[in-house]
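Assemble chains B, C and D with the ligands onto chain A, guided by the hints.
Chains as they are written, first to last, in the numbering used here: chain A, 1 to 730; chain B, 1 to 224; chain C, 1 to 79; chain D, 1 to 79.
Quick caveat, the hints were computed from the structure, so don't treat them as lab data. Quantities reported herein were computed from a predicted structural model and do not represent experimental measurements. Cβ atoms here follow ideal geometry from the backbone N, Cα and C, with glycine treated the same way. Possibly wrong hints are sitting among the right ones.
[Claimed, not checked] Computed cross-link-like contacts, EDC-like style, restricted to lysine to aspartate or glutamate with a CA-CA straight-line distance of at most 20 Å:
| hint | chain 1 | residue 1 | chain 2 | residue 2 |
| --- | --- | --- | --- | --- |
| 1 | C | 31 | D | 53 |
| 2 | C | 10 | B | 148 |
| 3 | C | 10 | B | 149 |
[As the list claims (entries may be wrong)] A short, non-exhaustive set of chain D residues, derived as facing chain B with CB atoms under 8 Å:
| hint | residue |
| --- | --- |
| 4 | 1 |
| 5 | 9 |
| 6 | 11 |
| 7 | 12 |
| 8 | 16 |
| 9 | 20 |
| 10 | 21 |
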Amino acid sequence: MSEQLPELKDAIALGLTEAEYELVCEKQGSPPNQVELAMYSLLWSEHCAYKHSKNLLVTLPTEGPAVVMGPGENAGAVDVGDGLICAFKVESHNHPSAVEPFQGAATGVGGILRDIFAIGARPIAVLDSLRFGEIETSERSRYLLERAVAGIGHYGNSIGVPTVGGEVYFEGPYEQNCLVNAMALGLGPRDQLMRSAAAGVGNVVLIYGASTGRDGIGGASVLASAELGEADDDKRPTVQVGDPFEEKKLMECSLELLELGLIVSLQDLGAAGLTSSACEMASKGEVGIDIDVRKVPLREADMEPFEIMVSESQERMLCVIEPKDVDAVRAICDKWEVSSAAIGEVTETRLMRIYSGAELVGEMPVEALVDDCPIYDLAPQKPSEPLYSPPIARLDRSAGLAEALLALVGSPNVASRRPLFEQYDPIVQSRTVRRPEQADAAVLALPNGSALAVSIDGNGRRVAADPYRGTLGVVLECASNLACVGAHPLGTTNNLNFGNPEKPHVAWQLTEAVRAIADACTALEAPIVGGNVSLYNEGASGPIYPTPVIGMVGLLPDATRAGRLGFAQEGESIALVGPFEPSLAASELSKLRGEPLPDELPEVDIEAVRDAQAAVRGAVRDGLIDSAHDIAEGGIVTALAECALAGSIGAAIEIEAGEDAWQACFGEAPGGFICCGHATALAQLGERTKVTVIGKVGGERLEIDLGSEKIELGLDELRLQHRALESVFQ
Amino acid sequence: MKTGILRFPGSCDEVDAQLAAALVGDTVLLWHGDRDLQDVDAVIVPGGFSYGDYLRAGAIARFSPVMESVIEFAGDGGLVLGICNGFQVLCEAGLLPGALLPNANRRFTFRQVELEVVEGDTKFTSACPPGELLSIPAKHGSGRFYADEATLNQLEEDGQVVVRYRPEQNFNGSLRDIAGVRNAAGNVFGLMPHPEHAVDALTGSTDGLRIFESIRSAVEGAHV
Amino acid sequence: MRARVLVRPKQGILDPQGVAVERALPALGFKGVSDVRIGRLVELEIENPAELEAISSQLLANPLIEDFEIELLDDAAAA
Amino acid sequence: MRARVLVRPKQGILDPQGVAVERALPALGFKGVSDVRIGRLVELEIENPAELEAISSQLLANPLIEDFEIELLDDAAAA
Ligand SMILES: Nc1ncnc2c1ncn2[C@@H]1O[C@H](COP(=O)(O)OP(=O)(O)O)[C@@H](O)[C@H]1O
Ligand SMILES: [Mg+2]
Numbered sequence: 001m002s003e004q005l006p007e008l009k010d011a012i013a014l015g016l017t018e019a020e021y022e023l024v025c026e027k028q029g030s031p032p033n034q035v036e037l038a039m040y041s042l043l044w045s046e047h048c049a050y051k052h053s054k055n056l057l058v059t060l061p062t063e064g065p066a067v068v069m070g071p072g073e074n075a076g077a078v079d080v081g082d083g084l085i086c087a088f089k090v091e092s093h094n095h096p097s098a099v100e101p102f103q104g105a106a107t108g109v110g111g112i113l114r115d116i117f118a119i120g121a122r123p124i125a126v127l128d129s130l131r132f133g134e135i136e137t138s139e140r141s142r143y144l145l146e147r148a149v150a151g152i153g154h155y156g157n158s159i160g161v162p163t164v165g166g167e168v169y170f171e172g173p174y175e176q177n178c179l180v181n182a183m184a185l186g187l188g189p190r191d192q193l194m195r196s197a198a199a200g201v202g203n204v205v206l207i208y209g210a211s212t213g214r215d216g217i218g219g220a221s222v223l224a225s226a227e228l229g230e231a232d233d234d235k236r237p238t239v240q241v242g243d244p245f246e247e248k249k250l251m252e253c254s255l256e257l258l259e260l261g262l263i264v265s266l267q268d269l270g271a272a273g274l275t276s277s278a279c280e281m282a283s284k285g286e287v288g289i290d291i292d293v294r295k296v297p298l299r300e301a302d303m304e305p306f307e308i309m310v311s312e313s314q315e316r317m318l319c320v321i322e323p324k325d326v327d328a329v330r331a332i333c334d335k336w337e338v339s340s341a342a343i344g345e346v347t348e349t350r351l352m353r354i355y356s357g358a359e360l361v362g363e364m365p366v367e368a369l370v371d372d373c374p375i376y377d378l379a380p381q382k383p384s385e386p387l388y389s390p391p392i393a394r395l396d397r398s399a400g401l402a403e404a405l406l407a408l409v410g411s412p413n414v415a416s417r418r419p420l421f422e423q424y425d426p427i428v429q430s431r432t433v434r435r436p437e438q439a440d441a442a443v444l445a446l447p448n449g450s451a452l453a454v455s456i457d458g459n460g461r462r463v464a465a466d467p468y469r470g471t472l473g474v475v476l477e478c479a480s481n482l483a484c485v486g487a488h489p490l491g492t493t494n495n496l497n498f499g500n501p502e503k504p505h506v507a508w509q510l511t512e513a514v515r516a517i518a519d520a521c522t523a524l525e526a527p528i529v530g531g532n533v534s535l536y537n538e539g540a541s542g543p544i545y546p547t548p549v550i551g552m553v554g555l556l557p558d559a560t561r562a563g564r565l566g567f568a569q570e571g572e573s574i575a576l577v578g579p580f581e582p583s584l585a586a587s588e589l590s591k592l593r594g595e596p597l598p599d600e601l602p603e604v605d606i607e608a609v610r611d612a613q614a615a616v617r618g619a620v621r622d623g624l625i626d627s628a629h630d631i632a633e634g635g636i637v638t639a640l641a642e643c644a645l646a647g648s649i650g651a652a653i654e655i656e657a658g659e660d661a662w663q664a665c666f667g668e669a670p671g672g673f674i675c676c677g678h679a680t681a682l683a684q685l686g687e688r689t690k691v692t693v694i695g696k697v698g699g700e701r702l703e704i705d706l707g708s709e710k711i712e713l714g715l716d717e718l719r720l721q722h723r724a725l726e727s728v729f730q
Numbered sequence: 001m002k003t004g005i006l007r008f009p010g011s012c013d014e015v016d017a018q019l020a021a022a023l024v025g026d027t028v029l030l031w032h033g034d035r036d037l038q039d040v041d042a043v044i045v046p047g048g049f050s051y052g053d054y055l056r057a058g059a060i061a062r063f064s065p066v067m068e069s070v071i072e073f074a075g076d077g078g079l080v081l082g083i084c085n086g087f088q089v090l091c092e093a094g095l096l097p098g099a100l101l102p103n104a105n106r107r108f109t110f111r112q113v114e115l116e117v118v119e120g121d122t123k124f125t126s127a128c129p130p131g132e133l134l135s136i137p138a139k140h141g142s143g144r145f146y147a148d149e150a151t152l153n154q155l156e157e158d159g160q161v162v163v164r165y166r167p168e169q170n171f172n173g174s175l176r177d178i179a180g181v182r183n184a185a186g187n188v189f190g191l192m193p194h195p196e197h198a199v200d201a202l203t204g205s206t207d208g209l210r211i212f213e214s215i216r217s218a219v220e221g222a223h224v
Numbered sequence: 001m002r003a004r005v006l007v008r009p010k011q012g013i014l015d016p017q018g019v020a021v022e023r024a025l026p027a028l029g030f031k032g033v034s035d036v037r038i039g040r041l042v043e044l045e046i047e048n049p050a051e052l053e054a055i056s057s058q059l060l061a062n063p064l065i066e067d068f069e070i071e072l073l074d075d076a077a078a079a
Numbered sequence: 001m002r003a004r005v006l007v008r009p010k011q012g013i014l015d016p017q018g019v020a021v022e023r024a025l026p027a028l029g030f031k032g033v034s035d036v037r038i039g040r041l042v043e044l045e046i047e048n049p050a051e052l053e054a055i056s057s058q059l060l061a062n063p064l065i066e067d068f069e070i071e072l073l074d075d076a077a078a079a
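Chain A on its own, in the form it takes in the complex:
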């Protein structure tokens, strides 16, 4: 190790500002050495300190009857009855995936799974939320898509956790900065819930799992806190490689340790490795921790103390245990062929003290590391000029309605996701009641006959057009998806994928989006129990579309009644349900037409949408209706096509088009559902919300009579278009 102390320029290279560096010197009482500076720079990074988002996040509603654990722990948790909790969280791995999509996406899944079992829940499901550039024109986006999907499948399949749902969209602004978010759910006994606060002076700090190498040194944290420019090769440190086999053993081992009650506190090693896990455990427990880096099992012999402290090697956990349990804990680790080492001790000093053998190589107040990073206020400003250039037109203005429907059904944002999700195992663990494309939300059976429902959603284009209303729409869509299977929301997680928050218009997008999440979650009684923030998502041509991704978990009382989206039976009636007022603003159709984004979206009546959701949910639960599907991208006609394709049966529809047939057919808005069932049942549903019977199920064609015009297409034609993504995967 160099004897010379690092200087201001080193601090700046590590991402600190001059003022922050001076504050570090002040907190330390002298300039930090290499170990100390490395640790400060990581903990004071955007990724760990949330310095641009903390003030916003506190405005989110976090309490509700089902909430057992809110934000602040590795994952949030809600009560699902019978002494069980469901833990869930969403995480991003955007920048690592832009550099090496397979490993980036794989380790993203690995990371979110560790967050789940760190709190004592067995992971039961994964969902993915992906954004890439335009695959029809971008070779790079096709490559990123293919490799990211392969990486997610590789990790989730190999570890035996089903990937039950997700979403993917393609838009120009993600060309250079793709988004790869992964959400995971876990199930565990409520009385076994584990927290990460270190406790018990004199207790042993033990690391177990993979050995520590030079992976991602300065990786995610530095990467996640700086924009990825064009010639940023020097900001691309070693890529982390995931090992799902190691994680599988780590998971089984952790769950067994927890079941045996051998662990006092537990924390995964994620971004910023040992530094962030140990410091956060000490901070939450209001204690100090001594660590001897020489005791950490290494993959490469010659690592410096600071490298060991910041390494982001995957598949590692840190726990605090009582000294008497060390042998028992290590025996369980041995059984699972997981290496383990006692590397430190909980102290009363409230200091992080890093030793290399007998030599003290770093000493920092825990509070300074974790709590004293400056928090910045945003300077939001609504842009006066459009931020995003219009997409390239792909549908001719002269096209007819039928041609437009085919184009929509085959457009990358609407086409069947089967080529992606069939690379994922959706059924392992024998809980999956609704697989992808069977219903709007995935449904997972619980032991007592009830079931969990889960959905993940985002819509960057609509949020870009109107951050507040667009985000309302995203949260509402998530809840609508739950309603379609008969579930009510228990809790919500969110991932805020935005550009550089130091830019006023990005700050505005972020502020508006968080305000909408707060409003919608409050109205829906779906509190936020956790989440993640990913900022600085920009390419050379500017920020990504602002992309709040919402994950929602709900409950339905009877798993056997879980809803489906496909039309069910010949002769049944089809109804448009809910307060649906379509608009072409920022719609999929306007994108195909190459129109620029509008300045705003129509107003949203949250209460009316919520009431419609309650009505649909009730009808599904009562077994009143046989299918339910919410209207989203591509409007009502696209939704009808999806119901017909999913049920492999046609329909004859009459829609009163009014003045604008295009808007009636393809306009989008929250709050609309397509339901099918017996006429009497739909009439009954009409007592609870607005119901308009629009047609009947039957035949092998989709026929839509708009009065002046008609759309008539065979299911075969529609299916062929719907399979458009297959070509990307050959």
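Below, chains B, C and D with the ligands without anything else, positioned relative to chain A:
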């Protein structure tokens, strides 16, 4: 009847197999490092990624201590069912003919497939009328059944091809659409699709239950 | 001593990965590449090289579907 | 001309396969094996071997996590 389900580090579908086997009898999980098969009547080598499936699917698992006992058990006529990774392990161990290569489509693929029961009078399919179609999920990255021509001919002649993918269902490129084979003695059977994931209408079909019922008949028939 | 085992799919067995690489090349502007075969490269340090044959046929390769070739590297050449 | 590209995980990059094989060997009765690294072996027929460098770095290997080595085989030695 008591069924033992092996558990390797990296097994994923062992609990699913246990749930399915529990519908027809008692079950116990057998740890890869133990040699004691605990007096089970039948053994299931389950799906998953034993030892990470690094190198080649099933290549490392076949050398585990528990597999030594399973090889002996099979030699004595004990019933052994290999599902997916279990099929791969049994082939690598030489208990079943052939090998499973990476899918022709180069991807891990999940699909609900239709299988035709070619041999309905085996210990594993006696509850299925011959020619019956089973709807069962398949999910794997290396499921392309391969054996040389002579072996394939001999397998077909001797009735060792037990289940076949229906036309258009063979996404992995298995030779002659073979989805599952038995050994010459008839007491070891392996298949790529997952019958244990088709035993409950709530989560899919119930067609896979027939395989487990057949095993029960074989065991209980032998006991009387 | 450092040794290398090259494991290849047997002649006559479809190698989908090799086929995919071959198909991808023209799009990248490379013509004139054919007969691509993809196998495994195992490099290891071994005390008793006489054991390599057994290790290869029992574990590293499956003789039903793969051929292997052993190369002993003198220590100087080892990476 | 026949050529061979050896693709290996970069030094310092985790090699889960190598670790798994190394751990499995003692159980098979083989002691004294260490530092196992597993990579890919690509063999191909190429008209213009000068293109191999570009093909390897663009398609066969990912230079972020893998190193590659090109060996030209004279036609006689080719399998
Ligand atoms: N957008 C958000 N909304 C609510 N909670 C958030 C959000 N972003 C982060 N959090 C919470 O902050 C805590 C720290 O998150 P994170 O740094 O992602 O944890 P980890 O170190 O496990 O990756 C977690 O409890 C997380 O749920
Ligand atoms: Mg965590």
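The hint names residue 11/D as touching chain B; please verify it with the least Cβ-Cβ distance against 8 Å. Residue 11/D check fails; min Cβ-Cβ to chain B is 19 Å, beyond 8 Å.
Does the nearest C-beta of chain B fall within a distance shorter than 8 Å of the C-beta of residue 12/D? 19 Å, violated
Does the structure keep residue 31/C and residue 53/D at a Cα separation of 20 Å or less? Between residue 31/C and residue 53/D the Cα gap is close to 14 Å, so the pair holds against 20 Å.
Can we keep the residue 1/D interface hint, with Cβ of chain B closer than 8 Å? Since chain B brings no Cβ nearer than about 27 Å to residue 1/D, farther than 8 Å, the hint is violated.
Please verify that hint: residue 20/D, Cβ, nearest Cβ of chain B, below 8 Å or not. 4 Å, holds
Checking one constraint from the list: CA of residue 10/C to CA of residue 148/B, max 20 Å. Satisfied? Judged against 20 Å, a Cα distance of about 11 Å means the pair holds.
Do the alpha carbons of residue 10/C and residue 149/B lie within 20 Å of each other, as the hint requires? 14 Å, holds
Please check whether residue 16/D passes as an interface residue: C-beta within 8 Å of a C-beta belonging to chain B. Holds - the Cβ of residue 16/D comes within 8 Å of chain B, reaching about 6 Å at its closest.
Taking the least C-beta to C-beta distance, is residue 21/D closer than 8 Å to chain B? It holds, given that the least Cβ distance between residue 21/D and chain B is near 6 Å, below 8 Å.
Does the CB of residue 9/D sit less than 8 Å away from some CB of chain B? 12 Å, violated
Taken one by one, the earlier hints fail for this structure at numbers 4, 5, 6 and 7, listed in ascending order.
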